[in-house]
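Peer 1: Below are the chains, spelled out letter by letter.
2 protein chains.
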Amino acid sequence: MTKNNIAIILVAPQMGENIGAAARAMKNFGLGDLRIVSPRDGWPNEKAESVSAGGIDIIKQAQIFSSLEEAVADLSYIYATTGVSRDINKNYVLSRDLAQDMPAGNIGFMFGRENWGLNNQEIAYANKILVIDTDKEYASLNIAHAVSIICYELFGAKEVLRADLNNTQALASANDLNYFYEHLFASLEEKEFFRVPEKKDKMRQKIRNLFSRIDKLSVQEVQILHGIVTALAADEK
Amino acid sequence: MTKNNIAIILVAPQMGENIGAAARAMKNFGLGDLRIVSPRDGWPNEKAESVSAGGIDIIKQAQIFSSLEEAVADLSYIYATTGVSRDINKNYVLSRDLAQDMPAGNIGFMFGRENWGLNNQEIAYANKILVIDTDKEYASLNIAHAVSIICYELFGAKEVLRADLNNTQALASANDLNYFYEHLFASLEEKEFFRVPEKKDKMRQKIRNLFSRIDKLSVQEVQILHGIVTALAADEK
Numbered sequence: 048m049t050k051n052n053i054a055i056i057l058v059a060p061q062m063g064e065n066i067g068a069a070a071r072a073m074k075n076f077g078l079g080d081l082r083i084v085s086p087r088d089g090w091p092n093e094k095a096e097s098v099s100a101g102g103i104d105i106i107k108q109a110q111i112f113s114s115l116e117e118a119v120a121d122l123s124y125i126y127a128t129t130g131v132s133r134d135i136n137k138n139y140v141l142s143r144d145l146a147q148d149m150p151a152g153n154i155g156f157m158f159g160r161e162n163w164g165l166n167n168q169e170i171a172y173a174n175k176i177l178v179i180d181t182d183k184e185y186a187s188l189n190i191a192h193a194v195s196i197i198c199y200e201l202f203g204a205k206e207v208l209r210a211d212l213n214n215t216q217a218l219a220s221a222n223d224l225n226y227f228y229e230h231l232f233a234s235l236e237e238k239e240f241f242r243v244p245e246k247k248d249k250m251r252q253k254i255r256n257l258f259s260r261i262d263k264l265s266v267q268e269v270q271i272l273h274g275i276v277t278a279l280a281a282d283e284k
Numbered sequence: 048m049t050k051n052n053i054a055i056i057l058v059a060p061q062m063g064e065n066i067g068a069a070a071r072a073m074k075n076f077g078l079g080d081l082r083i084v085s086p087r088d089g090w091p092n093e094k095a096e097s098v099s100a101g102g103i104d105i106i107k108q109a110q111i112f113s114s115l116e117e118a119v120a121d122l123s124y125i126y127a128t129t130g131v132s133r134d135i136n137k138n139y140v141l142s143r144d145l146a147q148d149m150p151a152g153n154i155g156f157m158f159g160r161e162n163w164g165l166n167n168q169e170i171a172y173a174n175k176i177l178v179i180d181t182d183k184e185y186a187s188l189n190i191a192h193a194v195s196i197i198c199y200e201l202f203g204a205k206e207v208l209r210a211d212l213n214n215t216q217a218l219a220s221a222n223d224l225n226y227f228y229e230h231l232f233a234s235l236e237e238k239e240f241f242r243v244p245e246k247k248d249k250m251r252q253k254i255r256n257l258f259s260r261i262d263k264l265s266v267q268e269v270q271i272l273h274g275i276v277t278a279l280a281a282d283e284k
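Chains as they are written, first to last, in this note's numbering: chain G, 48 to 284; chain R, 48 to 284.
What the hints contain is simulated information worked out from the structure, not anything from laboratory work. Any given hint could be a false lead.
Copies of the same chain look alike in the list, so a pair counts if it works inside one copy or between any two.
[Said to hold, decoys possible] With a Cα cut of at most 25 Å, we get these calculated PhoX-like pairs of lysine-lysine:
1. K253 to K263
2. K238 to K107
3. K183 to K107
4. K249 to K94
5. K253 to K183
6. K107 to K263
7. K247 to K263
8. K249 to K50
9. K263 to K246
10. K253 to K50
11. K175 to K263
12. K183 to K50
13. K94 to K107
14. K50 to K107
15. K107 to K249
16. K175 to K253
17. K175 to K249
18. K50 to K175
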């Protein structure tokens, strides 16, 4: 699934490695439209290709522009990503709130050069400033990391299919677990584990509490637990 | 502001550049405790230093370990970060839901090697799997990007790192749990539980996976588990 209404725009990027890493991150999060304005080291760029890994098709299809104006011409809404708040009278949104902020239409995300980001003239092309909130002590994000975090937020903006992450092993029922407790308690009884009769119920409760906290215990795992109790309780040969 | 109860653990990382980029991302998002298990190219690593940029202090103070077991010994809750769902019966949480999931205490986040991530034996050390949701078409995240995204989520979680009001009991550390495993495995060995030698490691891993899923295991509960094993393994009177 590719969100084809979203463009990532790298403005005057310096290092091919970062362009490649940005393309890889785009691919990881289902984006495909990469636009590059005046890459310092020209184009094509070998480093960009090798670092892009599975995102190589994005590098191959990237559009190269000599001006930002051309690069954003077909977009209806543009965010300028900056690490720190700027002294510009423009609205900003935090990356965490991006999903709720985006309008419909063709949307672009601008990222600046490695050493000093976007200049104010470039930011003027944006409808809004997009801020990745960082620790004040060191706010300078690697450009590919910034792209990665924004792509990650954009990916989260759609429905997540949580269901298919669930593992498929057969889960133990409450009954399965009860048989295990009976087995364990009987064996413990036999081995005189419950030395203080008045504390027996309380201790059994603690043991139940402990094992019942194993989330999503499978049938196979309950069998392993039975096996452990049986083996341990057997008399030495 | 540094969250000093959170450790980032890189397991057998291959490229110094990625270690450096991970340290830079940690610095961006206010983390400081970097632990590296068996870095492929040794330590110190020049590439790691140069790429870390403003995170150089994190590289300088990084702790190097030769085993994962030592690296996580003092941690009370461990997440294993994986890009795809695994056929392991362990709980998982999506990175987006991490803030709500974290218990109080010393928490570690494990990240695997560049080419194939964490192996199942390593994942067995974790209490939970942490999944960065990606596009199915290309799920392989650069390791430093994965670290960056998790650090970004942790930074957003700062207000949520609250004292756990429900559970005032002292939580067991990974070390406490290791002593229990040693006790259990030794007792099982004695009772000839591991009948098929080739399956022994696999079975031990399954048992670790099972017990490590007990959420927020307390010191007292680990003592109960020791007591159970001791009692069961004792010869009948």
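Peer 1: Are the hints correct? Go through all of them and say.
Peer 2: Right, here's what the structure says about each hint:
no.: 1; hint: K253 to K263; in the structure: both (19 Å within a copy, 14 Å between copies)
no.: 2; hint: K238 to K107; in the structure: neither (48 Å within a copy, 54 Å between copies)
no.: 3; hint: K183 to K107; in the structure: between (37 Å within a copy, 21 Å between copies)
no.: 4; hint: K249 to K94; in the structure: neither (37 Å within a copy, 42 Å between copies)
no.: 5; hint: K253 to K183; in the structure: neither (28 Å within a copy, 42 Å between copies)
no.: 6; hint: K107 to K263; in the structure: neither (33 Å within a copy, 41 Å between copies)
no.: 7; hint: K247 to K263; in the structure: between (27 Å within a copy, 23 Å between copies)
no.: 8; hint: K249 to K50; in the structure: neither (36 Å within a copy, 38 Å between copies)
no.: 9; hint: K263 to K246; in the structure: between (29 Å within a copy, 23 Å between copies)
no.: 10; hint: K253 to K50; in the structure: neither (33 Å within a copy, 33 Å between copies)
no.: 11; hint: K175 to K263; in the structure: both (11 Å within a copy, 12 Å between copies)
no.: 12; hint: K183 to K50; in the structure: between (33 Å within a copy, 14 Å between copies)
no.: 13; hint: K94 to K107; in the structure: within (13 Å within a copy, 28 Å between copies)
no.: 14; hint: K50 to K107; in the structure: within (18 Å within a copy, 41 Å between copies)
no.: 15; hint: K107 to K249; in the structure: neither (37 Å within a copy, 44 Å between copies)
no.: 16; hint: K175 to K253; in the structure: both (14 Å within a copy, 23 Å between copies)
no.: 17; hint: K175 to K249; in the structure: within (19 Å within a copy, 29 Å between copies)
no.: 18; hint: K50 to K175; in the structure: within (20 Å within a copy, 31 Å between copies)
This entry does not satisfy hints 2, 4, 5, 6, 8, 10, 15, going by the numbered hints stated previously.
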